[in-house]
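There are 2 protein chains.
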Amino acid sequence: MGKKGNLMSVRHDIRVVDATIRDGGLVNNFYFDDEFIRDLYKANIDAGIDYMEFGYKASKELFDEKKFGKWKFCDEEAIRSIVGDNDTELKISVMADVGRTNYKRDFLPKSESVIDMVRVATYINTIPAAIEIAEHCHKLGYETTVNIMAISNAKESDMKQMLELLGESNVNAIYLVDSYGALYPEQIRELADLYLEYGEKYGKSIGIHAHNNQQLAFANTIEALGQGASYLDATMSSLGRGAGNCPMELLLGFLQNPKYNIVPVLRFIEKNIIKLREEGLMWGYDIQYLLTGRFNQHPSSAIAFTKAKRTDYAAFYSELLDKE
Amino acid sequence: MGKKGNLMSVRHDIRVVDATIRDGGLVNNFYFDDEFIRDLYKANIDAGIDYMEFGYKASKELFDEKKFGKWKFCDEEAIRSIVGDNDTELKISVMADVGRTNYKRDFLPKSESVIDMVRVATYINTIPAAIEIAEHCHKLGYETTVNIMAISNAKESDMKQMLELLGESNVNAIYLVDSYGALYPEQIRELADLYLEYGEKYGKSIGIHAHNNQQLAFANTIEALGQGASYLDATMSSLGRGAGNCPMELLLGFLQNPKYNIVPVLRFIEKNIIKLREEGLMWGYDIQYLLTGRFNQHPSSAIAFTKAKRTDYAAFYSELLDKE
Chain E
0 MGKKGNLMSV RHDIRVVDAT IRDGGLVNNF YFDDEFIRDL YKANIDAGID
50 YMEFGYKASK ELFDEKKFGK WKFCDEEAIR SIVGDNDTEL KISVMADVGR
100 TNYKRDFLPK SESVIDMVRV ATYINTIPAA IEIAEHCHKL GYETTVNIMA
150 ISNAKESDMK QMLELLGESN VNAIYLVDSY GALYPEQIRE LADLYLEYGE
200 KYGKSIGIHA HNNQQLAFAN TIEALGQGAS YLDATMSSLG RGAGNCPMEL
250 LLGFLQNPKY NIVPVLRFIE KNIIKLREEG LMWGYDIQYL LTGRFNQHPS
300 SAIAFTKAKR TDYAAFYSEL LDKE
Chain X
0 MGKKGNLMSV RHDIRVVDAT IRDGGLVNNF YFDDEFIRDL YKANIDAGID
50 YMEFGYKASK ELFDEKKFGK WKFCDEEAIR SIVGDNDTEL KISVMADVGR
100 TNYKRDFLPK SESVIDMVRV ATYINTIPAA IEIAEHCHKL GYETTVNIMA
150 ISNAKESDMK QMLELLGESN VNAIYLVDSY GALYPEQIRE LADLYLEYGE
200 KYGKSIGIHA HNNQQLAFAN TIEALGQGAS YLDATMSSLG RGAGNCPMEL
250 LLGFLQNPKY NIVPVLRFIE KNIIKLREEG LMWGYDIQYL LTGRFNQHPS
300 SAIAFTKAKR TDYAAFYSEL LDKE
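The listed protein sequences derive, respectively, from chains E and X. Counting from 1, position 53 in the first sequence corresponds to residue 52 in numbering that gives the first Met the number 0; the numbering is continuous, with no gaps. Counting from 1, position 230 in the second sequence corresponds to residue 229 in numbering that gives the first Met the number 0; the numbering is continuous, with no gaps.
The reader is advised that the hints may include incorrect statements.
In this list, chains with the same sequence are indistinguishable; a pair is considered to hold if it fits within one copy or across any two.
To be verified - Each computed BS3-like pair below joins lysine-lysine, with the alpha-carbon atoms no more than 27 Å apart: (1) K258 <-> K322; (2) K41 <-> K200; (3) K274 <-> K65; (4) K322 <-> K270; (5) K308 <-> K258.
Since the hints were made in silico from the structure, they are not lab data. Note that this is a predicted model, so its numbers are computed, not measured.
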């Protein structure tokens, strides 16, 4: 598949999605103070970012409201308390996890909601359930995406079948998600080509959500972009689970479209992100994340290693070997 | 130019060069204690690394011995105090900077030295002087490379002329050096292709030395490798000036040749690198380095920003704009 655009060209199909709260919420159980969220909302508007994801629409039957901040649930009133009627160019997104959402009850019709887009997160074996949620939200009037996680574990034949099903659905975009930060740029280019083949056949956009276990989240994002992916996830200072995500400041430094502006992102980071680190929140590249990425394993053991303040990397390597 | 190898293949032309002391010495003025150097030497041997660069052969007339550790000068006795006669598979390299070395005096004939390779660092406008040094060292019996720094600022026509001159010389390898961490993977692939065109014509190997200003040092290294580059620079935990280098632990995680072993590198990091950070040594990706990288500027202003413990990134951005 040919390259799309080059370093001098502007691609008007690009959609930058700020996933700071949603992926960052996995680090602090969604306990952000309102000032952080308001500043982020304003920074995203000023930076020309296309979507801001506020968090998850998690089921309150499954998750105790006392154990999570409000962005785990994203009640309409919670979002409106920040954005009012959101009379801006910035669109608002939430994520629904297959098996963790009461979507039939918890989504209003789009005409009554400030939410613009629902992204459905799924593993490859629950694609039918994901499509059911996406179709439900599509009928309510929302833009929808399906984000297939942990794709580094999937078989190519399963992927093709999945892409056919998604192609025939009403979703707007299909996301390539490297949950474990396991994939190298050449693999990302190949996978993006496969996704784009179906995307072009069925008129779907392709998205990329990368993790930074091997310091490749930004590289993999711009490589997928170069192949033709157009929905690009990033987070402020890479805030996100484990090794974190594609850093927004790197992505906006790269994009040529003058609608994007890095300065509000820099201001947001200096005011709000440094404080999180000082308060003890931990995320970002470190050896333990490289190792789970390299072993193509979920980062949970590396997160536990980090919380225990361990630095015995060689011993951790042996522990991972034993899990193979 | 076609891709060389894939994720399942072993390329026997690969040479991994540990530049930890040499590039890391730019962070601490080469004041490493001997235990650090001994542990590094042992780790490199055990990890199957091909070359260890001990530092610079800087002229003692130009640089005050009292202001730098011994690896700024790399006297034969200093190296021998670590390696003895170096009866190992690991080869030893030093770097000579054009205009900063008294090469005619300071290099012994190879037969009297434990040094195997001399790498000459140069800007593109001093290529003739670099070739003179390399030819001198070649005649003395050393392997040689010429490393052209700050290539992101060079014109393509100048590059071609430079590559012709180097092609006609006796150097073993020609290095692509992204000193400012300014280049994106697609630019690295194009530059690597250009270097390789001349490399194949003249029988020279091509090397890559990347900096991590935009979290692309590892990505750019493996992309250059994929195009056919074979000399790969990396440092332990990316220790090096400013944003640091390609992390050795990521590179060894990637390489398929079973001769490479990541575990001694992990042990070295847990024993020796964490301590350096605790002692206050600062290097690695941060916003200020992203910004100098993006502006294609020398990292000196970002290093000063770091030392001053500033975090006003937006103001720093404006300062860099004024330098454009």
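Taking the hints in turn, this is what the structure says about them:
1. K258 <-> K322: For K258 and K322, only the inter-copy Cα distance (23 Å) is at most 27 Å; the intra-copy one is 47 Å.
2. K41 <-> K200: neither (37 Å within a copy, 55 Å between copies)
3. K274 <-> K65: within (24 Å within a copy, 40 Å between copies)
4. K322 <-> K270: between (41 Å within a copy, 25 Å between copies)
5. K308 <-> K258: neither (42 Å within a copy, 31 Å between copies)
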